[in-house]
Amino acid sequence: MSNDVLVFVEQQDGQIKKASFEALAAGRETAGNLSGAVSAAIVGAGIRNLATQAAQHGATKVFVAESDVLAAHSGDGCARAIAACAEQSGAGTVLFAHTAMGKDLAPRVAQLLDGACTTDATQLSVVDGVLQASKPVFAGKAIKQLRPNAAHYCVTLRPNAFAASEAPAAGEVVNVAAPDGDLLAIVKEISAASVNHVPLQEASVVVSAGRGLKGPEHWTLLEQLVEAFGPGVAAMGASRAVVDAGWRPHSEQVGQTGKVVAPMLYIAVGISGAIQHLAGMVTSKFIVAINKDPQAPIFKVANYGIVGDAFEVLPALTEAIRTTRQ
Amino acid sequence: MEILVLVKRVPATDSQIKIAADGKSYDAQGVEFVLNPYDEFAVEEALKTKEARGGTVTVMTLGTSAAQKDLRTCLAMGADKAILLTCEDHPDSAAVASVLAEKSKELAPDLIFCGKQAVDDDAGQVGPRVATLLGFACATDVNSLEIGDDTFAATRDIEGGRETIEGKLPAVITCQKGLNEPRYPNLKGIMAAKKKPLDEAAATPPDNKVEVVALEPPAERPAPSILGEGAAAVTTLIDKLQNEAKVL
Chain A
-6 MSNDVLVFVE QQDGQIKKAS FEALAAGRET AGNLSGAVSA AIVGAGIRNL ATQAAQHGAT
54 KVFVAESDVL AAHSGDGCAR AIAACAEQSG AGTVLFAHTA MGKDLAPRVA QLLDGACTTD
114 ATQLSVVDGV LQASKPVFAG KAIKQLRPNA AHYCVTLRPN AFAASEAPAA GEVVNVAAPD
174 GDLLAIVKEI SAASVNHVPL QEASVVVSAG RGLKGPEHWT LLEQLVEAFG PGVAAMGASR
234 AVVDAGWRPH SEQVGQTGKV VAPMLYIAVG ISGAIQHLAG MVTSKFIVAI NKDPQAPIFK
294 VANYGIVGDA FEVLPALTEA IRTTRQ
Chain B
502 MEILVLVKRV PATDSQIKIA ADGKSYDAQG VEFVLNPYDE FAVEEALKTK EARGGTVTVM
562 TLGTSAAQKD LRTCLAMGAD KAILLTCEDH PDSAAVASVL AEKSKELAPD LIFCGKQAVD
622 DDAGQVGPRV ATLLGFACAT DVNSLEIGDD TFAATRDIEG GRETIEGKLP AVITCQKGLN
682 EPRYPNLKGI MAAKKKPLDE AAATPPDNKV EVVALEPPAE RPAPSILGEG AAAVTTLIDK
742 LQNEAKVL
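These protein sequences, in sequence, are chains A and B.
Under our numbering, the residues of the first sequence are numbered -6 to 319, in order.
Under our numbering, the residues of the second sequence are numbered 502 to 749, in order.
Just so you know, these hints were derived from the structure itself, not from any lab.
There are no misleading hints in this set.
Straight-line distance between alpha carbons at most 16 Å, and here's what the computed EDC-like set of lysine to aspartate or glutamate pairs gives:
#, chain 1, residue 1, chain 2, residue 2
1, A, Lys181, B, Glu664
2, A, Lys278, B, Glu745
3, A, Lys293, B, Glu721
4, B, Lys519, B, Glu533
5, B, Lys669, A, Asp175
6, B, Lys551, B, Asp651
7, B, Lys549, B, Glu647
8, A, Lys181, B, Glu667
9, B, Lys604, B, Asp700
10, B, Lys678, A, Asp237
11, B, Lys525, B, Glu712
Values in this document were obtained by computation on a predicted structure and should not be read as measured data.
Throw the hints in and build the complete structure from the sequences for me.
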């Protein structure tokens, strides 16, 4: 297996996604430990200018598969383009961010390359010259360490589990022929959830609430806390109980059957901490729990806990956070 | 319409996972196994599609003969027939996809449904791998679906919004919560399921592409610290977040 690493770079509105910068940094470190080189792969239409951003984050080469055919995202088209980049670059390892797009693409690329794949890795290491990926299994009840037994290894990295950093490199652009032939499926429509909305899985702060908020009408208290962190910082989550009750949409659910998040700071308000919720947030860096039941299991995983009524603690916390941000 | 559903038997989500003596697998002793919860959405969507457009629903799994029970559950929900490909090894996603794709070719399905991931390995690979092997279109983590004569429109959550994917049949659709409400098998269904065909054949999966180095308990979280009660504790919390955690 080649020691070179290729990182698939995702973009949105002309900007490389934060999770892809994290993947580039992880790719750089992995390539260093393997004594290989790290490159980036960029795929789509009108995306050439992203090469500079990728170079800024350490890509020695940037493989660009550009085609008008890929103007609308196509999972099968994009997977073939990334596989072509991997083949042309000669990389053994291909890294992706574990985003909606990345987790859809990585298994397909692995299959096209007849390679190995591990999704949702939270740690990478190099042991005896081979990349080893750790990933939570059984909804985080255990961690599995895996190593490839193939010429290619595709790995998706959990957002926020790896730190992004700049490290300017040459970023020499290499053109790759975009795949020809019919696309089997394409994205026809994208609708944004709301303006100024930070994606739950990318937010550095997640504020979640559960039954303790007593009804959907009280979610303004949570919104105020999210706003107190300032624009683009925090996102709102919910427990399964309140999603099942119809108080909040499923897109906000944090847990085994919802989204898995790993922010710097996770604040759980009025959430007891059922195992299925913990599965979605236990890898957060710091966890704060606010619950009136001192026996609530959420306190077992929390770094800091406050025993108290959400309606009393939440406004005080919002006010205090607002003050720190001024 | 020929509809195929790929399912997996997994430990129930509330199971305790005990690491086995080899340090690479879990101890299945005393663990309750169930049909993967996301596969229930897949079976339901297959049945709804059959009800709307006619056809046959086949459920298929690769596993031990214990999976007969889960296939019978699918038959009781309304699937027409089941295929159990047996093996005693622990094939990885690539090996499972290879076996299932090979057998799928015999059925020439218009649609393949499966759960967005199995809740044991949480990998989410078999669906997109099978699609790639068969040259089918694929949409993953789907929570809304429309099927036309030879097309589909699938909607899924993406970061900060939703997207709709349109493609041609045949296709692989991996199912997310929210797609439907899986039905419970009723008594009539359970009785009927006993007479439905469940074919069993031995499978020989190819070598695994990933090797399990270790299965370990998750890292312990630092000892929790209860800072106090009520709004009065907020000041201490802010101090800790600023000076100890340094996240503010």
